[in-house]
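**Q** On the provided structure of chain A, position chain B as indicated by the hints.
Number of protein chains: 2
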Amino acid sequence: MHPYSSLTMAQLQQESEILKARFEEYKGRGLKLNMARGVPSPAQLDLSQDMMSCLGGADDCICDGVEARNYGLPEGLPAAKQLFAEILGVNAEQVIVGNNSSLNMMHDMIMRGFCFGFGGCKPWFQQGRVKFICPVPGYDRHFAICENLGIEMIPIRMTPDGPDMDAVRELVKDESVKGMWNIPKYSNPTGYTYSDETVKALASLKPAAKDFRIFWDNAYCVHDLTDEGDRLADIMSLAEAAGNENMVFMFASTSKMSFPGAGIACAVVGKGDLPYVRKLIGIQSICPDKLNQLRHVRYFKDGNGVKEHMKKHAEIIRPKFEAVQNAFTAELEGCGIASWTRPNGGYFISLDVLNGTASRVIGLAAEAGLLLTPAGSTWPYHNDPDDSNIRIAPTYPSVDDIKLAAEIIAVCVKLAAVEKIISAKEC
Amino acid sequence: MHPYSSLTMAQLQQESEILKARFEEYKGRGLKLNMARGVPSPAQLDLSQDMMSCLGGADDCICDGVEARNYGLPEGLPAAKQLFAEILGVNAEQVIVGNNSSLNMMHDMIMRGFCFGFGGCKPWFQQGRVKFICPVPGYDRHFAICENLGIEMIPIRMTPDGPDMDAVRELVKDESVKGMWNIPKYSNPTGYTYSDETVKALASLKPAAKDFRIFWDNAYCVHDLTDEGDRLADIMSLAEAAGNENMVFMFASTSKMSFPGAGIACAVVGKGDLPYVRKLIGIQSICPDKLNQLRHVRYFKDGNGVKEHMKKHAEIIRPKFEAVQNAFTAELEGCGIASWTRPNGGYFISLDVLNGTASRVIGLAAEAGLLLTPAGSTWPYHNDPDDSNIRIAPTYPSVDDIKLAAEIIAVCVKLAAVEKIISAKEC
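As they're listed, the protein sequences go chains A and B.
Under this note's numbering, the first sequence has 176 at position 174, and the numbering climbs by one with no breaks.
Under this note's numbering, the second sequence has 217 at position 215, and the numbering climbs by one with no breaks.
Hints are supplied without guarantee of correctness; some may be wrong.
The list treats identical chains as interchangeable, and a pair is accepted whether it falls inside one copy or across any two copies.
To be verified - DSS-like cross-link-like pairs, simulated, lysine-lysine; straight-line CA separation at most 30 Å:
(1) Lys281 x Lys133
(2) Lys281 x Lys34
(3) Lys422 x Lys303
(4) Lys422 x Lys202
(5) Lys273 x Lys208
(6) Lys309 x Lys175
(7) Lys303 x Lys133
(8) Lys303 x Lys405
(9) Lys422 x Lys29
(10) Lys405 x Lys313
(11) Lys303 x Lys314
Just so you know, the hints here were simulated from the structure itself, not pulled from any lab data.
In isolation and in its complexed conformation, chain A is listed as follows (with noise of 0.2 Å):
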């Protein structure tokens, strides 16, 4: 395919013709797919079935001599403590699990922060406006938390190593930016993982607010796509060394291991961090569900377990990414309008379209009756200031929608892409 840019008016015309038809045919189709989130197909939920009945009796629900259906252990139990620390390599006595929401972990830590504060600092509605730091593209319910409390994000530029390091030593010298929001194993959308020298780098920062602190959602700390899958580097242990033991909040979940909704997440916490955050979760709440939590531990057994399931959700969610990719190389390649990655795992790729076109892809697809995530999702404040990236979500569907799926994305493209340029041709 030649370059759009390469094209002459008349070329561009008959391009257009070309898509206009093809995208009446696929909206001929009465095509209905839900492509806006990051959402497990049915044939993954059925993966964890059986975990659903593994405490059928009195007896199965004591672990290590521990009641799980009576209250008590706010930091939960001590074996899911231990299952996530070998998830996710931390030190099991660092690892909090509560309930079903890691998102919700990192909405409480957060109104930690703003109520109570961190370090011995005041709470932060006491600091005047305080600020969070943002790679971009990124998730939107992470910006949601940030602007519903008032926290000024700054974007900065997401790389395949991470997000610009240069930007963020710079940021921190500024008292008020007080966190930072990572996704760093298949970022969302982006599916990049953090180079080890982006890791060691974050670790080492020498913020000027004792009370900064990265978020680290490690979301898809398992979630490979084949059997390498990314290597993250060991974040916490750095930090440590570098004498910023408390400067981490580390996030996990089961959601996309076994049930979306109904899993079990947790938070690793710095040492010195520890007895606060224990003492506030102790106000918020008596226990979490340790139930919910013991049936992860009889079922998974240990991080092995772990990693032996997700390779079953590798197998059907794999086929699904590659049709993306597959119609993606053939339709767009070579047109010079659209980039888009090619993760190793997690749940999204990130397509970046024309400056200026993303909203009118994302309209286009509508229209054929593929819902998308929304234009400008992925930038705080939903404000994409190029109207460029677009998230596509791909594991729901099935492998055959999710083809046709990725084809008429790719003709949504073009054609907002050819719009655009023969508008701007015509001005």
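**A** Using the frame of chain A, we list chain B on its own:
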């Protein structure tokens, strides 16, 4: 028994010797009993065991066409909303079903007032010092949430009909009074149930603050010890009728119906506040654990199912409450140094001992191997100005243990009183 106040010094000293001997005898038994918290007994946990295996197959996880294993429904399963609506006698539309902890839902609701505000008013953190009305004796975990946020707590007297409404009406004239804690049925620790008059008076309050909210912790809504049980008026309807449709946040959980810490909890929100609270809940988390909600729906079926189930709990608990009543009556009646409540439900008995002796009684009991709720716990800031209130939690130990424990408590109450009276006479 003659009142202690009528005893001569010699009689007091004789009584003291008898009590000391009894106390030493109890101490010698090497008892180790924890009665500090309201915890269901293992036999109660077994009542709901079958709930653990009702979601064995994938088909079992579909409820009214909704796949409960996947993301979605931030307010909870419609069937779970309906279940709580029947239990609480409220409109299902206004019920938000969360995870396992109603305390957590109350905590989060107060955090919303603090960080974001209610009723279009400024967040509480921007309004200077704000206050909560706290009927005493009350629930320490309620008070801890306020204390942690720096919300000033104003204790008011609890009566057998509910809180002293004259005091409440006076206090809500202060615009800085933003909330009030209530456990309206079988209150913790008195076991009192608010009378219809009290509920009506609360529902028709005219608080100065537009963002004043009644926190209605209906923790013991169906926790009757007898078939009749107490009747609680419907505050949501009464408040709506009085033009206060947004004044009440109601809470409940199945912690003491199914599993403590592994049940499901809900908040009931006024119609006007609903969209706002929904929005904030949507930012906090993607959805609650709908599988655990579905387990409860499948197992309890409906409000009647819950009522029948609660009769089984009552069968187990009632003899324990009776054991305490019998021991207290036998040991303490007529002494003029103690009074206690005789609840028809709930989890506690409130014991008032001679002023200035509650800490001593609790200390003596600890010496005899009996851990009671720490002194002062039923008051804000752990400050019981009379040092007189003790919370008795009779549900966890066996009936025999409770019988013994109640005797020991009674002996400690008398011993501490005699010590105190002798020491006062000697001064």
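**Q** Check each numbered hint against the structure and report the violated ones by number, ascending.
**A** 3, 4, 6, 7 and 8
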